[in-house]
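Undergrad: Read off the chains here:
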Amino acid sequence: MTPTLNLTINGTPQTIALDDPRATLLDLLRERLGLTGTKKGCDRGQCGACTVLVDGERVNACLSLALSQDGKHITTIEGLAEGEQLHPVQAAFIAHDGFQCGYCTPGQIMSAVGLIAEGEAGLDPERVREGMSGNICRCAAYAGITEAVLEATREMDTAAERKSA
Amino acid sequence: MNRFDYVRADSLGAAVGAEGALLAGGTNLLDLMKIGVATPERLVDISRLPLDWIEEHEGGLRIGAMVRNAQIARHPAVLARYPALAEALLSGASAQLRNAATTGGNVMQATRCSYFQDPLSPCNRREPGAGCGALGGETRNHAVLGWTEGCIATHPSDMCVALAAYDAVVEIAGPDGRREVPMAEFHPLPDATGAGPAPLAAGEVITHIRLPDAGGMARHARYVKLRERTSFAFAIVSAAAALEIREGRIVTARLALGGVAARPWRARAAEQALEGQPATGDSFARAAELALQGARPSGDNAAKIELARRIAVRALERAAAGTPERLPALPASVFAGDDNG
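If you read the protein sequences in the order shown, they are chains A and B.
Numbered according to the numbering used here, the first sequence spans residues 1262 to 1426.
Numbered according to the numbering used here, the second sequence spans residues 1081 to 1421.
This is chain A alone, in the form it adopts within the complex (with noise of 0.2 Å):
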């Protein structure tokens, strides 16, 4: 028997058979849907290339076994933008240079977009750098990185308080 799974990805539900129960939140992004914005570095864990939301939470997708994932919410890097309209991280990430060769950009991205969701980190640089330390960058952009983290925090933020007004 062929196992399905249900996830919504991006805001759209599928329903995705699938032969072999090996596959990783990953290969079944990359592999089967074609959403290669996420990116496979290490496999392992240890880089954060991988980096998704699942419901909300940035996990490591290498080490997410996607049978497991049934029900769950998925956001990549194709999910963010509104149409031409980039998220304000991604936005942020070009404004400070945060990155040389962009492999490591979109799990950059989207640990920064939960970094940010946590609320813990705020505008402390030490946090920032901290709580970004599951990602890494070996053309070593950490200044921009942290840089566009802390604008984009801000700008989050004033966004927020301009809607609660």
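Simulated from the structure, these hints should not be mistaken for lab results.
All of these numbers come straight from a predicted model, not from anything done at the bench.
A portion of the hints provided could be inaccurate.
Said to hold, decoys possible - Listed next, with one range per pair, are the computed distances between beta-carbon atoms:
#: 1; chain 1: A; residue 1: D1281; chain 2: B; residue 2: R1309; range: 44 to 54 Å
#: 2; chain 1: A; residue 1: A1401; chain 2: B; residue 2: Q1373; range: 37 to 47 Å
#: 3; chain 1: A; residue 1: E1339; chain 2: B; residue 2: Q1373; range: 32 to 42 Å
#: 4; chain 1: B; residue 1: R1390; chain 2: A; residue 2: E1379; range: 52 to 62 Å
#: 5; chain 1: A; residue 1: D1281; chain 2: B; residue 2: G1361; range: 37 to 47 Å
#: 6; chain 1: B; residue 1: G1361; chain 2: A; residue 2: C1362; range: 46 to 56 Å
#: 7; chain 1: B; residue 1: D1085; chain 2: A; residue 2: C1362; range: 53 to 63 Å
Unchecked claim - Here are the computed lysine-lysine pairs in the DSBU-like style, where the Cα-Cα straight-line distance is at most 30 Å:
#: 8; chain 1: A; residue 1: K1424; chain 2: A; residue 2: K1333
#: 9; chain 1: A; residue 1: K1333; chain 2: A; residue 2: K1301
#: 10; chain 1: A; residue 1: K1301; chain 2: B; residue 2: K1114
#: 11; chain 1: A; residue 1: K1333; chain 2: B; residue 2: K1114
From the three backbone atoms N, C-alpha and C, an ideal C-beta is built for every residue, glycine too.
Dock chain B against the given chain A, drawing on the hints supplied.
TA: Showing chain B alone in chain A's frame:
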């Protein structure tokens, strides 16, 4: 990765006695499967078991086995009354892993001994009777207490070190009923020829971790962890300390060490020596001596003994100084300014 059958256990009754490897967050098991160290024929997915909350229990807390590490670390009652547990958790892994890894999985995680993780190296833990590749090898992550020629691996958890210090109890459900084991004794020490017995019998499932009332230790508890980099690294040595202090004297003391043995190492002789003594550096230095009594290098790692003494003293000093209102930006770091100390 080998092929396997996948089943989901939706109730504890379905999980207890089930044949196969238990899958919760997957952060350790899937990794071991990818490198060929774990080769289960069947995975029993217990991640949906209704054991995912933290409740008040007789003045303490009862933590379900499926609670994620991040949930414990940010729980208001944990931060208020068991801050060394929160600090230990936040000093381990990455935010992504802490969001996925469960309480039960953290307890059950495998050693990070690189010889255990390499299927081409002999390993008594992986294959009883095969020998130990770590003897004479690279041993900075290996034991200096409670080891034998059979196995010199350490348990890598930070969480368990704090839990052991807090006198936590592991609740287990099995085919023959329920039992409980103190956290400090849950992980077996190695015997003469190997890693010793498995902590869980076939078909058993960890259901909860119970924390007794922290009493007067609530705001005098810290975790300190020495590692090769300040974030996202396993401990070379670590220490959890909790104190109850009245009028400058120690009434109750708790001290457990990490990175030094196959289990979190509860230093009971050190605790007894501290009780009734002034909360000063001299008392802490004597306690650290006692904590490392009987320690011996298992390879080229004698430095760990002195490092563990110093980390124990540091944890006791910081506990005596009082837990800061908010945990430091770099949890458990040894590179800390005044606001961390």
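Undergrad: If a hint holds in the structure, say so; if it doesn't, say that too.
TA: Outcome of the hint check:
no.: 1; hint: D1281/A / R1309/B: 44 to 54 Å; result: violated, 37 Å
no.: 2; hint: A1401/A / Q1373/B: 37 to 47 Å; result: holds, 44 Å
no.: 3; hint: E1339/A / Q1373/B: 32 to 42 Å; result: violated, 58 Å
no.: 4; hint: R1390/B / E1379/A: 52 to 62 Å; result: violated, 33 Å
no.: 5; hint: D1281/A / G1361/B: 37 to 47 Å; result: violated, 60 Å
no.: 6; hint: G1361/B / C1362/A: 46 to 56 Å; result: holds, 50 Å
no.: 7; hint: D1085/B / C1362/A: 53 to 63 Å; result: violated, 40 Å
no.: 8; hint: K1424/A / K1333/A; result: holds, 28 Å
no.: 9; hint: K1333/A / K1301/A; result: holds, 21 Å
no.: 10; hint: K1301/A / K1114/B; result: holds, 14 Å
no.: 11; hint: K1333/A / K1114/B; result: holds, 24 Å
In the structure shown, a violation is registered for the earlier hints numbered 1, 3, 4, 5, 7, in ascending order.
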